[in-house]
Every structure is written in C-alpha cells, then in structure tokens.
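Participant: Residues per chain, in single letters:
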Amino acid sequence: MASSYELSHEREYHAIRSAAALLDVSPLYKYRVRGKDAARLLHLVVTRSVEDMKVGQVGYTPWCDAAGKVLDDGTIARLGEREFRMTAAEPNLRWLEDNAVGLDVSVEDVSDSLAALAVQGPASRIILEEIELKYFRIADTTFRGIPVQVSRTGYTGDLGFELWVRKERALDLWDALIEAGTPYGIVPAGMLALDVARIEAGLMLIDVDYVPARKALIASQTSSPFELDLAWTVNLQKERFVGREALAAEAASGPQWQFVGVEIEWQSLERLYAEVGLATRLPATAWRTSVPIYSGGEQAGYATSGGWSPLLKKYVALAHLQSKWAAPGTRLEIEITVEHRRKRAGARVVKKPFFDPERKRG
Amino acid sequence: MASYDAVVIGAGHNSLVCAAYLARAGRKVLVVERRERIGGAAVTEEVFPGFRFSVFSYVVSLLRPEIIRELELPRHGLHILPLESTFTPLPDGNYLAQWNDHDQNRRELARHSPRDAEAYDEFGLMLHQMARAVKPLLAMAPPDPTSLSFGELMGMKRLGEHFRGLGAKRFSMLTKLLTMSSADFLDEWFESEPLKATKSASGIIGTLLGPRSPGTAYVLLHHYMGELDGVFRAWGFAKGGNGSVTAAIAGAAQAAGAEIRTSASVAQVLVQHGRARGVVLDDGEEIGAKLVVSGADPRRTFLGLVGEQHLPGPFVDSIRRFRFRGSSAKVNLALGELPDFAALPGRGPHLRGAVSISPSVDYLERAYDEAKYGEYSKRPYMDIVIPSLLDPQMAPPGKHVMSIFVQYAPYQLNGGWTDARREAFGDTVVDTLAQYAPNLKNAILHRQVVTPADIERIVGLSEGNIFQGELSLQQMFFLRPVPAWAKYRTPVSALWQCGAGTHPGGGVMGASGRNAAMQILGRS
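In order, the protein sequence lines correspond to chains A and B.
First residue of the first sequence: 119, per the numbering used here; consecutive thereafter.
First residue of the second sequence: -13, per the numbering used here; consecutive thereafter.
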C-alpha cells in the first residue's frame, strides 16, 4: 500500500473525515473457503461464531493458537450457505488447510486474483450511488457496469465501503470510482493517512499493536483476544475452537493486560516544551514505536501507536496496560522525548474509539 | 422581568466564547442576537440554492487553541481543513506558488530568486519566534502603564521581564515589526517582487493603510500568529464554512447551560446610577441581569447602546476617535466550473490553497492610493479561496463556490455606496480576476458583492471594519479601545466588553471573549 499519493498525507487524511478517500487494500490476504463443511472449518478456527452467520453478513474476528494467543485478525464474509471469504493480514493458507483435515472443504488463496478498493468517508455512500447496505453486510452488485461485491466495512472508523473485484477489472474500477467521486471530493489515500484514521477509530494493527503468536520470540510478546480488548469476539459457548480451553481459563481469571485508549494531556505537554523554550511539538504522522507508560514509580504498560488527531485536536495513543491501571479515567504518565531528554507527560485512560461518528453505523 | 447573571449582546464568536466560559463557571447566561441567525461575521449562508458561503470571514487560523481545547469544539462539530498553498498568478504569464512541502516550495522560490529561497527558511524561523514572543500577550489583560497601583506595576514588571527574556536580537526584531511598514520589513529579507507583495498583503488586511505605511508590519505579524496543531502560520477552512465555527462555540455554550435568543435586537443597555442592570430590546422587553457584556464594537456599544449621558466626556471623545475605516469587501461567486488560470492551467493543487492577486508591491500601493482619496481600487488586491474543493458539500456536485476578499473598498466612498456602485465594484473585481483566469466570466452562475457598507448594515460592524477597529498601533494592547479601559471593563460598572474592539483584536481569534470572561470571573 502506498504511503501517500501526494507529498504530504494531510489532505488524504482530511478526505477520509470530510469527503471520501479511495484506498487500495488489495494487499490483504484473501481466502475463498467453499464446501459442505466451510462453516464448520471457520467456526473451528476463529473465536467468533460462524455457523450462525447469515448469508450476506460480514464478521470481524481474531483467531488464536492452541494457547489462546492471537495469530491474526480479519473479516469473514458469508457469501453463500457453503461459501465464505476470509481476509487476513498475514498468510494463513497452511493454517486453514491444517485445520481442514477430514473436512469436506476447499480453501483457495485468492489474494492475487481478487482486488479490493476501499471507499471511506462521509461522501462514500453518495459516490456509490446511494447504495443501501447495513453495517457489516456484503452484496453483489455492479458499479458503472463493473461486477463487484460491496461490503460495508473498512479500517477508518467512518462511513465506508470495500469493493471486491476481479483483478482484470480493478483498474477500471479505480478509474470509475475516481470519476464518480471527483464531484464529491474523493482523493486517493495511502497508509500514512489511514494510520491516523485507524488510531482515532481505536483499531489495532498487526505487528505494530500486537505481535502475532507465530512471530513471537518469547511468550510475553503474545496477546490473547481479551488482552486486545476483543472479548466481544470470543464466543465461549462454542463447543470447540482452536484455543478454547486456554481462553475459557483466562475468561474465568480475568486478563492481566488490557488494550486501551490513552489521551496525552495538552497542558502537561505544553509545559514540558515551554521549559526548554519551545512551542509544543506534535508528531506530523502517527508513530509506531513502543513507549513506556508509568504510574508513579511503576511501569503500568506501554503505548504501541499514537499520534495527533487533527480532527479531535487531541494527542491520542493505543496502549497495553496492566489491568489494575486500565480503568477509564486512570491518570498515568507517558514517556516523551523533549529536546533529546526523556520526560513524562500526564496521560489519562479514555474509552476507545476516540472518534465514533453516528454515520459509521447509521 | 427575567433575570440572568449575565446577558451578552450579540452572538458573534467572541460573545459566544465569553458566554460559554461564563456558563461553564455556573453563571446563568443569556446571549441576545439581533439577526435571525447566530455567528456575527462568522456565518455560513446558502446565498444561492445549493451554494453555501462563508459570507464574511472565510478562513480560520487565529482561533486560540486553548479555546478549541477547553470548550471541546471538535466535539461540537468543529473540523478544520488545511489550506496548503498560496498561488500568485502574474500578468506576464508566470506565477509564484508557495507550497506546503518544504522542498517543493524551495524549488519554486528559487525559480524566482535563489537568494529568497534561502532567506525563506530564516524568515519563517524569525516569524515563528516573533509569534512566540507575542503569544503570551494574547491571553493577557493588558496592564495599564499609566497607573501606579501595585497590581498594574506588577503587570508591567512581568511584561518587562517577558521582553527582556527575548534577548536583544529578538527584541529589536519585534520593535521593527511594531514600527515598520510591511514593505520595508520584507525588503530586508527578500528581493522577488511577487513574493514581497504576496507577503506584504498580510499587513494591509482590514486596514486603510498601504504596504508602505508604517505599522503594517505588525498587522503582518498578527496574521502570522495563527496556530493550528502547534504550527504557527497555519491557515485552514472550517468544514461547513465559518458558520460552523460559531455553531460549535454556541453548542459548547448551550451544553454548559447558556441560552441564546436570535431576532432579539438590543435597543439600549439599562443603566441606573452608573451601573448596568440589563438590556431593553427593540420591542420594549426588558431583560434584567447582574452584568451586561457587549460583543458589539466600541462605537456601537458606547455611543449606540449605552448613551453618552452615562459616560465621562473624555471617554466619549476617545471612543469617537477610535478608528474603523473599513476597507475590505467580499465577492462571493457560485461557479459552474473551476477557474482556469493562464499561468498554470488545469485543476492542479494550486486551486486548493489561496490565490493571491498581488503581483508587486507597487500594485498594492497603487490600489491603496485610490482608496486614500475615497475611490475603490481599479486593480484591487484579492485573496481568493475555493472551499468547495476541500469541502464538496459547500456546492452542488461538480460546481464550486469562490470567496474573494478584496481590498481596497473604502467605507467612505466618494458619493457613498449605492447599488450601482456596488455592482460596478463587483465588475471591477471580476474583470481583474478574469485577466488571470479567462474562463471566469463564463463560469459565474451567481454573484454576491459585500461592501463595507453592507457589512455594517448586515453584521453591525461600524464602518464595516472586520476587526471591530483598525489594528493600528495607537489602538493596540493597553490602548484598545481606550487607554485605561483596556481590561474589558468600562466606565459603567457591571458593563463589560468582549468584542474584537478590545485586546488582542480581530480575526476569529476568540481571545477577547475568553479574556473578558476570565476578567469577569476574577481569574487571570
């Protein structure tokens, strides 16, 4: 995915929030899962319930290893009684096939043959000819004569859609969307703009906000869904799924870590910069480094990504905190480097998402 | 008779800011607005069906960040979109662009002058430092240098310490900015004519002065004090137009419990025994209040609403001498297609920023010459933006709104402003711009011309001055609006001022409203 299509990502970001942005999300891994046991396979692999998903429904879910640690996260779209499409950030073909042993199901990697373009932002619906589609639903349709599947999904926390198209028609679709969207201010957008938007939306990013269990070098690098604020995606009513026992035990004892929103206090930031005679400096792009968070003398946790929200006019971050410090309103301190020196700025645990407009679901 | 802790006159941005802070402090506040809508000069109106305009003020930058934060304006709908570039088309078919991207900007400036490209960074650093030097003054009630009271002397001492802390070099730079003309000041830095002219234009906005008039360098600094997301000199549009700035502030005020009444025109401030007791509306309704805050300008407040009989003679004299001299006009165009500039054809990124008609300092000074003698400029300065490019909801799909800020259009026009003169002036503006963008005339679907006389009539700003009084040095800081009455208080007890006619002045800044509220609440 491009970093940005212009020299600066600023306009691309504002297009997401005030008009519409066009993002090439084709780099996602995509798997077509078909057959009598398609629902059974996915039901077995991911933490959420799949068998009771309706045709046309899309569900977000993580999936775990046997220790209940997250391997990856993505969406599952039920395209038919016996057909699903799963998206993932990492390759998962082998994992799916390994779990399909003995089941009547075929898993096909369609990552290269299927392209995906996301249209995100308040004007996205009108650009897609006032399409009527509920939040997290998918439908077959055509856009300016191009056969597409449209899902009401995205990674921006805004009103938005993703269009799934055969790769042969992908460029046509891009051009058609630019043409239809130009009167409404559509702008191609890259990862830098998306990064700001997804942080505002409180959406985590693999390899940044969590280490997938397959890549973890030590156990403490792994996270369970509960530790990633994904308890709502874990259905322990299901009799069997990978990681169930470990997750049931964790649910009973409560997670040790939580994944929360943190707001860095402006006054405190301003004071630290004023002490060295500078105006407050704000990051121009979102950052993706681990930053310690303290409560008095103890380290309460660490932030994994953060940045200035140009919309909310707030400096926000996504953070892993030990549970006793994770309640909203808890006052903490976050490390910040001011003129080469490590300082601590006041910070407060706040509810995610930072930005949650009604139009997202409405 | 209804009774409030405070009644605030006018629903412009400063009044609303003041009301919001008072309401948040638990005061029972009523805002009364003469027009049928709130916003003062920061309004969005659908002037032509489907075309929405920031009819008067049209950009945001000076709005104080602490106000955005403390009143949680983003939560109440404020969304500021960045204004990235300035494009100056030239009569010879060339152009000068100033871009957001540092290297792109440098390359463009070097095309005109390699020296200027180098000086540009230093100039930016210097203005950043100057804006920082002045910034603490913005949130301050100016101390009175003529008073020997302990509090005032301490205030002067703190001010002295602040300036001493700047060091000799910066202090001398600040002195230059306070005294020089913007053209002279820029001559010390740059040689390229369009660059000097475009930059010096910031120094003439809202004043009846030319780029070679002393004092205009300060106005230039005033426009550089804007701060968006910690970056000085950043300008932006409010999504939904400038009306959404005041709508957000009103939302914050109402969420804190303030009441707002529109179509409620104040006829006079009730004064008994030297104390304000409330206001009387045009229809005779009396509204009692423990204190009255006026967001109207000093002339309207004191000579109009209070009345000379309640004020000391010397004070009345000073208010009469307070200079307005509105010199700015707006032309708002509904366009069927984007302007196509001969110097840089097509719908490039230059259309998303400001377009400045300021080819040379001589051009601007000549425009001023005409205004000096009571005529509007035949070849005026213009600052043009096309908000619909960043915020498509301002116009029907594929169509656009263009906002043209024009100088000079003196309030005191020879023979006065008439409908015919207004339209002739509009023709002058369009003719001038069409020389640079030949398709303009055919693209125009509708046109609205707003002269200083219209601004005065519609918004109530005396002589149509966009800053509620010129930003000239004799009317700044502890002299604004009147010496000894620069702390938002007035000679009438329980009557306060919160408009841009007080320190630190205009520009949808909100600082006057906040400072006034802090003084009223006894916080400083």
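Careful, some of the hints might be misleading.
The calculated label-pair distances, taken between Cβ atoms and stated as ranges, are [said to hold, decoys possible]:
id	chain 1	residue 1	chain 2	residue 2	range
1	A	Leu396	B	Leu289	51 to 59 angstroms
2	A	Ala369	B	Gly151	38 to 46 angstroms
3	A	Leu211	B	Gly36	26 to 34 angstroms
4	B	Lys121	A	Arg212	37 to 45 angstroms
5	A	Ala366	B	Gly36	33 to 41 angstroms
6	B	Leu289	A	Ala445	33 to 41 angstroms
7	A	Gln355	B	Glu22	56 to 64 angstroms
8	A	Arg212	B	Ala241	28 to 36 angstroms
9	B	Ala11	A	Leu396	26 to 34 angstroms
10	B	Arg261	A	Gln440	46 to 54 angstroms
11	A	Leu396	B	His259	49 to 57 angstroms
Partial list, derived from the structure: chain A residues whose beta carbon lies under 10 angstroms from chain B [what the hints assert, rightly or not]:
id	residue
12	Ser121
13	Leu125
14	His132
15	Tyr178
16	Pro301
17	Ile304
18	Ser386
19	Arg389
Calculated lysine to aspartate or glutamate pairs in the EDC-like style (CA-CA distance at most 20 angstroms, straight line) [stated by the list, open to error]:
id	chain 1	residue 1	chain 2	residue 2
20	B	Lys121	A	Glu393
21	A	Lys432	B	Glu58
22	A	Lys285	A	Glu381
23	A	Lys431	B	Glu58
24	A	Lys469	A	Glu381
25	B	Lys385	A	Glu388
26	B	Lys121	B	Asp102
27	B	Lys385	A	Asp142
28	B	Lys121	A	Glu388
29	A	Lys432	B	Glu356
30	A	Lys431	B	Glu56
31	A	Lys431	B	Glu174
32	A	Lys478	A	Glu297
Hint data in this document are derived by calculation from the structure and do not stem from the laboratory.
Please read all numbers here as calculations on a predicted model, not as lab measurements.
Glycine residues also receive a C-beta, built at the ideal position from the N, C-alpha and C atoms.
Participant: Give a verdict on every hint.
Facilitator: A quick look at each hint next to the structure:
Here the CB-CB span from A:Leu396 to B:Leu289 is close to 45 angstroms, at odds with the stated 51 to 59 angstroms. A hinted range of 38 to 46 angstroms is violated for the C-beta pair A:Ala369 and B:Gly151, which are about 59 angstroms apart. For the hinted restraint 26 to 34 angstroms between A:Leu211 and B:Gly36, the CB-CB distance of approximately 52 angstroms leaves it violated. Hint check: B:Lys121 to A:Arg212, Cβ distance near 59 angstroms, so the stated range 37 to 45 angstroms is violated.
Distance hint for A:Ala366 and B:Gly36: a CB-CB separation of about 58 angstroms, inconsistent with the stated range 33 to 41 angstroms. With their beta carbons about 58 angstroms apart, B:Leu289 and A:Ala445 fall outside the hinted range of 33 to 41 angstroms. Distance hint check: the CB atoms of A:Gln355 and B:Glu22 are about 58 angstroms apart, consistent with the given range 56 to 64 angstroms. Taking the beta carbon of each, A:Arg212 and B:Ala241 are about 55 angstroms apart, not inside 28 to 36 angstroms as hinted.
Separation of B:Ala11 from A:Leu396 is about 32 angstroms and conforms to the stated range, judged on CB atoms against 26 to 34 angstroms. Checked against the hint of 46 to 54 angstroms, the C-beta distance between B:Arg261 and A:Gln440 comes to roughly 59 angstroms, which is inconsistent with it. Taken as a hint, the range 49 to 57 angstroms holds for the pair A:Leu396 and B:His259, whose Cβ atoms sit roughly 52 angstroms apart. For the restraint placing A:Ser121 at the interface with chain B, the shortest Cβ-Cβ distance is roughly 14 angstroms, beyond the 10 angstroms limit, so the hint is violated.
Because the smallest distance between the Cβ of A:Leu125 and any Cβ of chain B comes to about 4 angstroms, under 10 angstroms, the interface hint for this residue holds. Look at A:His132: its Cβ gets to within about 5 angstroms of chain B, closer than 10 angstroms, so that hint holds up. Residue-level restraint check for A:Tyr178 is violated (minimum Cβ-Cβ distance to chain B is 27 angstroms; threshold 10 angstroms). This hint holds: A:Pro301 has a C-beta 4 angstroms from the nearest C-beta of chain B, less than the 10 angstroms allowed.
About 9 angstroms separates the beta-carbon of A:Ile304 from the nearest beta-carbon of chain B, less than 10 angstroms, and the hint is met. Nearest Cβ of chain B to the Cβ of A:Ser386: about 13 angstroms, over the 10 angstroms cut. The hint is violated. Checking A:Arg389 against chain B by beta carbon gives a least distance of about 13 angstroms; that is not within 10 angstroms, so the hint is violated. Distance hint between B:Lys121 and A:Glu393 is fulfilled; the C-alpha atoms sit about 16 angstroms from each other, no more than 20 angstroms.
Between A:Lys432 and B:Glu58, the direct Cα distance comes to roughly 10 angstroms. Compliance with the 20 angstroms bound is thereby established for this hinted pair. At most 20 angstroms may separate the alpha-carbon atoms for a hinted pair to count; A:Lys285 and A:Glu381 exceed this at roughly 41 angstroms. Proposed proximity of A:Lys431 and B:Glu58 is supported: the alpha carbons are some 9 angstroms apart, at most 20 angstroms. Restraint check: the Cα-Cα separation between A:Lys469 and A:Glu381 comes to about 10 angstroms, which is no more than 20 angstroms; the hinted pair holds.
Between B:Lys385 and A:Glu388 the CA atoms are separated by roughly 42 angstroms; this puts the pair beyond 20 angstroms, and the hint is violated. For the hint pairing B:Lys121 with B:Asp102, the CA-to-CA distance comes to about 27 angstroms; that exceeds 20 angstroms, so the pair is violated. Between the alpha carbons of B:Lys385 and A:Asp142 the distance comes to roughly 27 angstroms, so the proposed pair goes past 20 angstroms and is violated. As the CA atoms of B:Lys121 and A:Glu388 are separated by approximately 13 angstroms, the hinted pair is consistent with the 20 angstroms bound.
For the suggested pair A:Lys432 and B:Glu356, the alpha carbons sit about 47 angstroms apart, so the restraint of at most 20 angstroms is broken. Annotation: proposed proximity of A:Lys431 to B:Glu56 holds, straight-line Cα distance about 11 angstroms (limit 20 angstroms). In summary, the hint linking A:Lys431 to B:Glu174 is not supported, as the alpha carbons are separated by about 37 angstroms, beyond the 20 angstroms threshold. This hinted pair does not check out: A:Lys478 and A:Glu297 have alpha carbons roughly 24 angstroms apart, beyond 20 angstroms.
Hints 1, 2, 3, 4, 5, 6, 8, 10, 12, 15, 18, 19, 22, 25, 26, 27, 29, 31, 32 from the list above are not met by this structure, while the remaining hints are.
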